[in-house]
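Undergrad: Residues per chain, in single letters:
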Amino acid sequence: MLRDITLGQYYPADSVLHKLDPRVKLMGALVYIVSLFTFRDAVGFAAATVFLICIIRISKVPFSYMVKGLKAIVVLMIITALFNLFLTPGKQVLVTYGILTITMEGVKNAVFMLVRLIYLIVGTSIMTLTTTPNQLTDGLEKALMPLSKIRVPVHSIAMIMSIALRFIPILIEETDIIMKAQMARGADFESGNLIRRVKAMVPLLVPLFVSAFRRADDLAMAMEARCYVGGRGRTKMKPLRYQKEDYQAYLILAGYLGVMIAWRVFGARIWGLKLGA
Amino acid sequence: MGIIKASKLVHEYIRRDEEGNVESIQTALNKIDLEVQAGAFIAILGHNGSGKSTLAKHINALLLPGEGTLWVDGMDTAREENVYEIRRAAGMVFQNPDNQIIASVVEEDVGFGPENIGIPTDEIWTRVEASLISTGMLKYRSHSPNKLSGGQKQRVAIAGVMAMEPKCIVLDEPTAMLDPNGRQEVLKAVHELNRKKGVTIILITHYMEEVTDADYVYVMDQGEIVMQGKPREIFSKVDRLKKHRLDVPQITLLAHELREAGLSISRGILTREELEAELVQLYGSKKGNVNYTG
Numbered sequence: 001m002l003r004d005i006t007l008g009q010y011y012p013a014d015s016v017l018h019k020l021d022p023r024v025k026l027m028g029a030l031v032y033i034v035s036l037f038t039f040r041d042a043v044g045f046a047a048a049t050v051f052l053i054c055i056i057r058i059s060k061v062p063f064s065y066m067v068k069g070l071k072a073i074v075v076l077m078i079i080t081a082l083f084n085l086f087l088t089p090g091k092q093v094l095v096t097y098g099i100l101t102i103t104m105e106g107v108k109n110a111v112f113m114l115v116r117l118i119y120l121i122v123g124t125s126i127m128t129l130t131t132t133p134n135q136l137t138d139g140l141e142k143a144l145m146p147l148s149k150i151r152v153p154v155h156s157i158a159m160i161m162s163i164a165l166r167f168i169p170i171l172i173e174e175t176d177i178i179m180k181a182q183m184a185r186g187a188d189f190e191s192g193n194l195i196r197r198v199k200a201m202v203p204l205l206v207p208l209f210v211s212a213f214r215r216a217d218d219l220a221m222a223m224e225a226r227c228y229v230g231g232r233g234r235t236k237m238k239p240l241r242y243q244k245e246d247y248q249a250y251l252i253l254a255g256y257l258g259v260m261i262a263w264r265v266f267g268a269r270i271w272g273l274k275l276g277a
Numbered sequence: 001m002g003i004i005k006a007s008k009l010v011h012e013y014i015r016r017d018e019e020g021n022v023e024s025i026q027t028a029l030n031k032i033d034l035e036v037q038a039g040a041f042i043a044i045l046g047h048n049g050s051g052k053s054t055l056a057k058h059i060n061a062l063l064l065p066g067e068g069t070l071w072v073d074g075m076d077t078a079r080e081e082n083v084y085e086i087r088r089a090a091g092m093v094f095q096n097p098d099n100q101i102i103a104s105v106v107e108e109d110v111g112f113g114p115e116n117i118g119i120p121t122d123e124i125w126t127r128v129e130a131s132l133i134s135t136g137m138l139k140y141r142s143h144s145p146n147k148l149s150g151g152q153k154q155r156v157a158i159a160g161v162m163a164m165e166p167k168c169i170v171l172d173e174p175t176a177m178l179d180p181n182g183r184q185e186v187l188k189a190v191h192e193l194n195r196k197k198g199v200t201i202i203l204i205t206h207y208m209e210e211v212t213d214a215d216y217v218y219v220m221d222q223g224e225i226v227m228q229g230k231p232r233e234i235f236s237k238v239d240r241l242k243k244h245r246l247d248v249p250q251i252t253l254l255a256h257e258l259r260e261a262g263l264s265i266s267r268g269i270l271t272r273e274e275l276e277a278e279l280v281q282l283y284g285s286k287k288g289n290v291n292y293t294g
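Chains as they are written, first to last, in the working numbering: chain F, 1 to 277; chain R, 1 to 294.
Derived from the structure by calculation, the hints contain no laboratory data. Given the structure is predicted, the values throughout are model-derived calculations rather than measurements. Heads up, a few of these hints could be off.
Straight-line C-alpha distance at most 20 Å; calculated EDC-like pairs for lysine to aspartate or glutamate [stated by the list, open to error]:
hint, chain 1, residue 1, chain 2, residue 2
1, R, 197, R, 179
2, F, 238, R, 122
3, R, 147, F, 176
4, F, 238, R, 123
5, R, 147, F, 173
6, R, 57, F, 173
7, R, 57, F, 224
8, F, 91, F, 105
9, R, 230, R, 85
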């Protein structure tokens, strides 16, 4: 049951997006998130939708994979929508029932918020679906490098992330083994109420932690034995270098964000018809 | 001076209580003297707790001498400024294959060492390829280490050390967690490195079968070197080995028992062929022998 957990849900395919530099994709996800909060009307909404559809097409990742990511936040989406629906004050009151009032503004806010959340999840999951965890950590390390000037241990953080990714399957396997060993001796992980089940986890966690620390100790020694002394003086086997496509992608991103912001600032005037608040 | 030379090397594990008072002292290495010539294949034997792993860690400067001196490639391990160069000269392969693979792709793990010592990118690739070829792991280069068998993982670890081009490789019980097939795989790879690339090998183990091909064997017990010599000399002293809680290879044991029973068989038989030759000599022709291989 534990083996089903997958992290960094990479979907291998041969697309332009897969080949882009991870830094571009990180930036892209950021730009897209920002752009989602710039629109207030249907035109901006349409632009964000078109952009997202194009990206999904280019990525060659089946749409169903992205929907999977949405399942996890269904509850969050419902709560957000409900709060927006009932708690937005406004002039155009549509329904009043007891203390609950639904206003026109509320409906609009709820819809936009829901759309924003869905787009946000789908947009960022495209990044994780087209980038391997390793590329992602490499990209993060390189992108955050300037922070190391103010003593942020960027290299160490990236190294910790990539080691964590490497050890997740090993620790999951180990959990499985310990669980089976405990079950063979009569431990019961599956019945009883929540509290009982959590309690049953304690004898599982203790040996798991002990072994994780032992592994960490071993690994640190193995790294030291291979001359690891931190990021200083290190060369890269797979250095990140921008290609022509990466610059083009940056241009497209900049163009997209520019249009979205411009529409936010001037759009309402051109449109003449004010939809936003 | 040989590539590795120890002189009266002492290491003590000191256990302290919460106030920092010494609770107990365990001497893991007691005045070890040894010298290894470049290009040799050395085996260090000993049962659990004999201090052999401690010695291995000293060679890589992971532990520092309490007393005495250890020189690796002419450098004193006790001097802080030598540590980095010593680790470049003497690579180390550990027991648990899972806990020494750092990256989640085979080739990236092999590249980890060269990255650390600042090799330019192009050369890293040539080194990675060369060491994957020499350990026979090239076709797994883009695999995840999690999907490999124990023997394959250990070969990746050896390739990772090889890519740093050390003069000497210390293998600390590299086969202890492997099945017999994996054990063979790893030993074959190690022997090939020694023969083809002339890398000095120090193999630490408690499997007697693994040391029969070594140039020289040290036997450790309770932190001391209690026996040393060529494998044949060592294995001819079956009773002494037993005293140090070590088993001899089955064929050597059989030869020993036959000898004890009164047959005139020479000491230190290492392989089946040797025993067969001896028996043929004793009883004439090979004809009519029971086929015991079947």
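Undergrad: Which of the listed hints are broken here?
TA: Going through the list in order, the structure violates hints 1, 6 and 9 and respects the others.
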